[in-house]
Amino acid sequence: MTRFRFAFTEHRGTLLALAIFLVMFTLYVANHPAGFTANVVQTAANKGVLLALVAMAQTFVVLTAGIDLSVGAVFILANCLASYIVAGSPVMVTVGVFGVLLSGMICGAINGVIVIFGRLQPIVATIASGAVFFGIALWLRPFPGSTSDFGSDLADALTGKVFGVIPASLMLLVGIVLVIWVPFRRSVLGRAVYAVGSSETAAYMSGMPIKRAKFAAYVLSGLMAAIGGLFLTFFTYSGEASAANGNTYTLYSIAAVVLGGVSLFGGRGSAVGAILGALAFRAIGDLMFVFDIDPLWQPLFQGIILMIAVSLGAARLFRIRNRLELFS
Amino acid sequence: MTTNTQTPGRPSWTSRIDMPVAIAFGCIIVLLIVGSLYSRNFLSPEYLLQQLKVGAFLGIVATGMMIVILIGQIDLSVPWAVTMGAMMAAAAAAYGPTGEVLAIPFGILCGVAMGLVNGIGVAYLRIPSMIVTLAVNAVAQGLMVAYTGGFAPQDSASAAMKYLAAGTLILGLPNAVLMWIVVGALAVFLLNRTTFGRAVYGIGNRESAAYLSGIPTQRVVMLAFALSGGLAAFAGVLLAGYAGKAAQSMGDAYLLPAIAAVVLGGTSILGGRGKYLGTIAGVILITLLQSILSVMQIAEFGRQIIYGVVIVAMLLLYGREKSGR
Amino acid sequence: MTELTPLFCMEGISKRYGGVRALEQAELTVHAGRVHAILGENGAGKSTLIKIMSGVVSPDEGQMLLDGRPVTFANPAAANAAGIVCIFQELSLIPDLSVADNIVVSNPPTRFGMIDRKAQRRIAMEALERAGGGDIHPDELVKDLPLSRRQIVEIAKALARRPRVLILDEATSALTAADVATVFGVLKRLRAEGIALLYISHRMHEIAELADDCTVFRNGRNVATYAAGTKSDNEVVELMIGREYSAMFPPKAKPLDIGKAPVLEAKSLNWAPRLNDVSFSVRAGEVVGLGGLDGQGQRELLLGLFGVLRGMGGQVLIDGKPKSINGPRAAKAADVGMALIPEDRKTEGLMLPMSVRDNLSFASLGRVSKAGLIDRAAEDQSIDAMIKLLAIKTAGSAATAGSLSGGNQQKIVIAKWLMNNPRIILLNDPTRGIDVGTKQEIYLLLRQLADQGAAIVLYSTDYDELIGCCDRVLVMYDGAVKRELVGDAITERALIASALNIDVNEGAGPAPVTA
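Protein chains in written order, with the numbering used here: chain V, 1 to 328; chain B, 1 to 325; chain E, 1 to 515.
Hints are computed from structural coordinates only; laboratory data are not their basis. All clues stand as given, with none of them false.
Derived DSS-like pairs: lysine-lysine, alpha-carbon spacing no greater than 27 Å straight-line:
| id | chain 1 | residue 1 | chain 2 | residue 2 |
| --- | --- | --- | --- | --- |
| 1 | E | Lys-231 | E | Lys-188 |
| 2 | E | Lys-51 | V | Lys-211 |
| 3 | E | Lys-346 | B | Lys-275 |
| 4 | E | Lys-143 | E | Lys-51 |
| 5 | E | Lys-321 | E | Lys-260 |
| 6 | E | Lys-346 | E | Lys-51 |
| 7 | V | Lys-211 | E | Lys-143 |
| 8 | B | Lys-275 | E | Lys-370 |
| 9 | E | Lys-260 | E | Lys-482 |
| 10 | E | Lys-482 | E | Lys-321 |
| 11 | E | Lys-51 | E | Lys-393 |
| 12 | E | Lys-388 | E | Lys-346 |
Facing chain B, a subset of chain V residues (Cβ under 10 Å, in silico):
| id | residue |
| --- | --- |
| 13 | Gly-130 |
| 14 | Asn-247 |
| 15 | Trp-297 |
By construction, the Cβ of each residue, glycine as well, lies at the ideal position given by its N, Cα and C atoms.
Work out the full structure: start from the sequences and follow the hints.
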């Protein structure tokens, strides 16, 4: 029994995110005029997956007790790049996809190098690097658009439905979790990432590969953001260097991560939680649509829900009896 | 006032200027030289005053941001605090003569209210500031979008707002700059000479130790956020006066430059360390950089890239954060 | 057991930090199967020595020999790989990972590149068993464990690395007496297995029980090495401080006038489950000690009096009048005049990156300010006076608190509260990890403060300190005051017996720590 108790403690944040998501999504589907149909789920999934990918990107860095304010910029940069190079013959499309992923990893690696070897605070370093990444995106696509021979077959396949039921994007997300997250979580490097976030000094004293762990976290973050950007291109068939869009995704990724039970102080949480947080956050936004409320009120509604969600964490305060624990 | 004898412990004025501040001022001079090579106008008093005027808005926002960063937190609600200040002041000005008079205080008060919500969330509910300010920003945005969309309030600035932002009171010194000087002087006084200022630095270094020393840490944190919100809204009021009207996205351009200015000025993003002089340097530096990039007619993408590279390069120059706290 | 070639040797090791010489031509020889104790005041170079041995810092000069062959360690991992494992004073456990994760942290068992959780749990349980912590669940998060259990995990973690040289730096300072006995059993077994143990401690009787060889460090040099038991405690202390060892404790006050009203009185304080109906009183001029095993509610009692604990039942009376103290701010107000020297000076007492002067005046800003405005002249005056009064060794009041030695840092914590002229002073183990010289100064200061009319409550984990300093000692057990010892009745035997909650008349009882 104790083992279940410890397992529950470990996954409490993720389970809470799952609960929030289920409630929100049920509300959404129950009130949707079309009901629980494959199309409704597909539309919801496609929107949710974008944020889920960026939230995953954020998770890797947040686990090291850092923050990546450039995820939105990398996301946009990948989008703009993909609108050029994911084109032509199937081979060229494949090369293009890998090119986009590689560019994301390079962006992440640059962040990693600045933070690890430049020893700058992640928040400041990624603000600055984000400006650079966005600048490059703007250089690529001063105006929204895409190449004429854009690989729309692949795009359609990945944004459609498998067997006419399950959204392909959701399948792909599950695949990414299985191929990237699960091995990471169970690898020595993954554990080192958690350790660095929990207590960097202790990790160093224990002889863990701190620098490699952090570097891996930033590179993976870049990779996930690039996958997100790629998907955005698949949905829109075009690239757009929109600063507003980038900022929104950066900020929402932080919100999703928090909703998903990942501690901003590092060392605690999982990408699965962050994904659920992202989906829940999207479902909240979509509730407006099904309740047929004037879209003018949507930002306010989303803000208030976010406010309530983050305040839920304050409930633990009532249990604190030694005031010194407030500061730890 | 007694005699000016210095106790052995108090450091002399010169030794109190630390490296980052010196480097920041050094970079300002380099920028000016580079700019003057490009155009003679660069060293003219008119141009410099114009830069100070443009920088004043950022300076006021950065002042509040600095106080929040000093306590080891961050205020991401600046964009909509600025916008809210501008919009609410403009809206209030529509209500006859009373509205005109109350417009500016009302705009600022709205920002203070936003800051108070931030502060309560951070200090009393212990929610990470990055999250709380983000959520408050979203709520403020929602309020403003719904308000402007639903009620179409007046958005043009009152005469007083225009005068404060664009007029001149003393010998060609733009009033906006004067406002920054006043705000800056108050900030220096607050940080260096009051118990509030001491508490800000103490909390930024170690909140538990500050609490056990009998400092009302929660109240100080809340007030710091209220100050930041109020100052951002004040900058918004001035900005509306400068531009003639309030607009929805007017605050967006102030968040990242404000953080960058504070950090370039040598304030530690982890809190507890930093001088206002540095923030002044940071603000001027950022403003000059933006100005030079636009004078050189570099395209937007190039500006973004150079902007980011310069910030990273300068921070690397500072000898970096000492490992850990 | 002794071999001809020493297992590990350090020759001519020097290390400088800025202008400060931490080690100067230091030598050390360690043999397999022996416990080698390192003694010295704080700042004598012990911790630098250990850091060099375990690869945390590299020496400026000198060389290290393992099995007679020169070695260098680029980082802790390299030292571990060579079989040199250190249990640091500041815990190196990762709070958000489980006990098992932590134990195998540097070299987890893997299958197909993934961590093998089953094997990991097995290794962890084995190591815990060897370290005397078989009752700790391997899946529990470290941050949920009490301090003394964490230390056991720390030892288990070291053992899982199969060390040849095991360094214990103040490893018992957080342990309860029962745990210390367990750990000593473990260490003796390791010695028999042929591991070389390097043992650093400020507790003389622990060293007397455990050590085979001793080396004394002073000012970055090794000043003497001798076989354990060949020098008296006084001789050892003289070697450590480098001067004649005078009386450690100042004379106590004459018996107090019992009729005097107490300054501080606590009536049935309750804070489940840590405090259980605690009542006591302290008069002006009195030093009252809190004794007992570690973790019996002493810390909570001090925090509760200071208003830090929420929902504490009972009553606190100041000068006979009930006061509700809801936090440090209320506690330091003039009508109460309380001060608390907290447990951990680095996180609760000081802002290490701030200057000595800012730290000193931090708790007493109210005294040098009006309406929130600080009178800097008055502030400087009182700061300078306090630095002089406590003889704080600092490069100037603008130096950061973090640049001072541990002893001087502790002096600042005490001084910052003295600037408030407190009438009631609560101290939470103020001399832990502090050098002998500063300890002596603190004892003297406490007695002076009491003589000037302060009421002092001193919690200490060091029995000698309670015996030497206190007029009365309240021995706590399981959140309650079980016995009060007065005057000459405060003996080591009585303290230990009542700490274990045994009737004194039945004899000394098991006294695990003393030789």
